[in-house]
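*Asks:* Please work from the sequences and hints to get the whole structure.
Protein chains in written order, with my numbering: chain A, 1 to 260; chain B, 1 to 249.
No lab work stands behind these hints: they were computed from the structure. Source: prediction; values computed, not measured. Think of the CB as a built atom: it goes at the ideal place given N, C-alpha and C, for glycine as much as any other residue. Certain hints may be false.
[To be verified] Listed next, the in silico DSS-like pairs over lysine-lysine satisfying Cα-Cα at most 30 Å (straight line): (1) K144(B) <-> K143(A); (2) K149(A) <-> K124(A); (3) K124(A) <-> K46(A); (4) K149(A) <-> K144(B); (5) K144(B) <-> K38(A); (6) K112(A) <-> K98(A); (7) K143(A) <-> K112(A); (8) K124(A) <-> K144(B); (9) K97(A) <-> K112(A); (10) K144(B) <-> K193(A).
[Said to hold, decoys possible] Which residues of chain B face chain A? A few of them, derived with a C-beta cut under 8 Å, are: (11) E151; (12) G154; (13) V164.
Letter by letter, the chains look like this.
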Amino acid sequence: MPSETESGSVTAGKSATAEPMISLSNVHKSFGDTEVIKGISFDVAKGDVVCIIGPSGSGKSTLLRCINALVPIDGGSIRVEGQEVHDANLDRLALRKKVGMVFQQYNLFPHKNALDNLMMAPIKVLRQDKKEVRERALKLLEKVRLSGKEDAYPGELSGGQQQRVAIARALAMNPDIMLFDEVTAALDPETVKEVLLTIRELAEEGMTCILVTHEMGFAREIADHMYLTDRGVIVEHGPPAEFFDNPKDERTRSFLGQIL
Amino acid sequence: MLAQISQWFIWLNQTTGINLTIVYDSYDRGRMIDGFLNTIYLSLICLVISVIIGVIGAWLQRSSLKWTRRLVQGYIQLFRNTPPLVQLYFFYFAIGSLMPKIENKYGIMQPILSNWDWAIISLSFFAGAFNVEIFRSGIEAVPKATVEAAESLGFNRLQVYLYVVLPLAFRVCLPALSNNLVNLVKTTSLAYAIAVPEMLYVANQIWSDNLNVPEMMTFLLFAYVFLVGILVWAMNRLERRLQLPGYGG
Ligand SMILES: Nc1ncnc2c1ncn2[C@@H]1O[C@H](COP(=O)(O)OP(=O)(O)OP(=O)(O)O)[C@@H](O)[C@H]1O
Ligand SMILES: [Mg+2]
Numbered sequence: 001m002p003s004e005t006e007s008g009s010v011t012a013g014k015s016a017t018a019e020p021m022i023s024l025s026n027v028h029k030s031f032g033d034t035e036v037i038k039g040i041s042f043d044v045a046k047g048d049v050v051c052i053i054g055p056s057g058s059g060k061s062t063l064l065r066c067i068n069a070l071v072p073i074d075g076g077s078i079r080v081e082g083q084e085v086h087d088a089n090l091d092r093l094a095l096r097k098k099v100g101m102v103f104q105q106y107n108l109f110p111h112k113n114a115l116d117n118l119m120m121a122p123i124k125v126l127r128q129d130k131k132e133v134r135e136r137a138l139k140l141l142e143k144v145r146l147s148g149k150e151d152a153y154p155g156e157l158s159g160g161q162q163q164r165v166a167i168a169r170a171l172a173m174n175p176d177i178m179l180f181d182e183v184t185a186a187l188d189p190e191t192v193k194e195v196l197l198t199i200r201e202l203a204e205e206g207m208t209c210i211l212v213t214h215e216m217g218f219a220r221e222i223a224d225h226m227y228l229t230d231r232g233v234i235v236e237h238g239p240p241a242e243f244f245d246n247p248k249d250e251r252t253r254s255f256l257g258q259i260l
Numbered sequence: 001m002l003a004q005i006s007q008w009f010i011w012l013n014q015t016t017g018i019n020l021t022i023v024y025d026s027y028d029r030g031r032m033i034d035g036f037l038n039t040i041y042l043s044l045i046c047l048v049i050s051v052i053i054g055v056i057g058a059w060l061q062r063s064s065l066k067w068t069r070r071l072v073q074g075y076i077q078l079f080r081n082t083p084p085l086v087q088l089y090f091f092y093f094a095i096g097s098l099m100p101k102i103e104n105k106y107g108i109m110q111p112i113l114s115n116w117d118w119a120i121i122s123l124s125f126f127a128g129a130f131n132v133e134i135f136r137s138g139i140e141a142v143p144k145a146t147v148e149a150a151e152s153l154g155f156n157r158l159q160v161y162l163y164v165v166l167p168l169a170f171r172v173c174l175p176a177l178s179n180n181l182v183n184l185v186k187t188t189s190l191a192y193a194i195a196v197p198e199m200l201y202v203a204n205q206i207w208s209d210n211l212n213v214p215e216m217m218t219f220l221l222f223a224y225v226f227l228v229g230i231l232v233w234a235m236n237r238l239e240r241r242l243q244l245p246g247y248g249g
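*Replies:* Laid out in structure tokens, this is it:
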């Protein structure tokens, strides 16, 4: 049996020698008395796509939230482009500019149309020029194949369309890293494809991505490195071929058995 | 035309005894128009201030400082659980008497704050206490996930409140806000008690001069129905304008 907690850090993917884009080491997180993350360590290199799978409640969403400081951690360290996230003097704005996040429930601003959803943060937060932001936003909507929907409110868009607006909204901040938290889980099978296509294009352009997903086929195709979390620890990790075809841990086998 | 209407009301008085001096007597008419406008002015200014109090109070209520939250809670309890007339007297007679006096342009010493000022302060605080609670309930209805999404885009706490939470909360609490503002308009009549020349006060002066109490009372009722009607109409229009396609029922 492998030990419960991984020690040291595991470097994933192609450029193992360069400074990692994201580096987690021995991260701990509790909500009240329950420890949700119990010592997780891994590195993500620039341009890599990392997929995290695992049973419900194993702490996947919490882990993503920790990476862009939406929740504080209780121990260990998270570094994003060399900057310690778990630092009292953290420049939150600088971090969140670097890290884009997309959620399961889209979480668009319901009182703003699609275009304004994209434009709001660059204008209000980054104080960029409105005209320039507008041009960029229109291009991004085109990129996610939503040209013509600029004026539509979130309530007037399908789930898949909303999710693509949400992706474009995160991209409007020009992030270096994208976090996807089960972004297709709330969609019907038809619209899942369009969202996955958008993510695939991003990955191919070299965006550093961490995806939490239940889409095993997609993960297998797109990931440079796979992780399985269970009850707050990484149970198994490796390149997708090995991870899926030859899992070493019993828990991985039973989890994959349930899902596939 | 105006002369004919005046004639008719004079005739009405002579034949039936229904004496509406505010129509045919230019002095009374002028007084009543002033009173009417004063009521509108008092209502509008208190409306604006009380909404501002509501917005700021609801923000402070989410403060991480325990004493700030307690202070806001204390304010709400005090103003929600005491009669507005007692509040008005408290401000005007208790606090007003403690305020320093200043010399006016005729060289007479007078209080810094007039009865007008105290009516505005008191009524705004009264309606504001309810507005804090109303906005709070609206804020609680804003999904945490939407707030989190805004945070992940780099919005700070104040920006999240101003650009995301408030616009959504406002839509949720418009019906309750509307009720409270109607209540505020009606409550402005209490300013009568400290001699602010609003409609009720003026009506009182007029019926003292003409002994036409039933006529003036009836007129007052209709005047308030009219004012409240306009407010309700405006709030409904606002509600419809802010309605979001495909969002929240
Ligand atoms: N804000 C919070 N307060 C208290 N407990 C929380 C909070 N957020 C998450 N938890 C708990 O932490 C645990 C891990 O939650 P998390 O959402 O990270 O799991 P997950 O792996 O994303 O699950 P799922 O696949 O269902 O999304 C759960 O038991 C959850 O109840
Ligand atoms: Mg989750």
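*Asks:* Each hint needs a verdict: does it hold in this structure or not?
*Replies:* Consistency of the hints with the structure:
1. K144(B) <-> K143(A): Between K144(B) and K143(A) the Cα gap is close to 29 Å, so the pair holds against 30 Å.
2. K149(A) <-> K124(A): Holds, because 22 Å separates the two Cα atoms, which is no more than 30 Å.
3. K124(A) <-> K46(A): holds (28 Å)
4. K149(A) <-> K144(B): holds (26 Å)
5. K144(B) <-> K38(A): holds (25 Å)
6. K112(A) <-> K98(A): Roughly 24 Å separates the two Cα atoms, so the pair holds.
7. K143(A) <-> K112(A): At roughly 20 Å apart (the allowed maximum being 30 Å), K112(A) and K143(A) satisfy the hint.
8. K124(A) <-> K144(B): Holds, at roughly 20 Å.
9. K97(A) <-> K112(A): holds (21 Å)
10. K144(B) <-> K193(A): Since the Cα atoms of K144(B) and K193(A) sit roughly 28 Å apart, the hinted pair holds (cutoff 30 Å).
11. E151: holds (6 Å)
12. G154: holds (4 Å)
13. V164: With a closest approach of 6 Å, the V164(B) hint holds.
Violation of the numbered hints given earlier is absent; every hint is satisfied by the structure.
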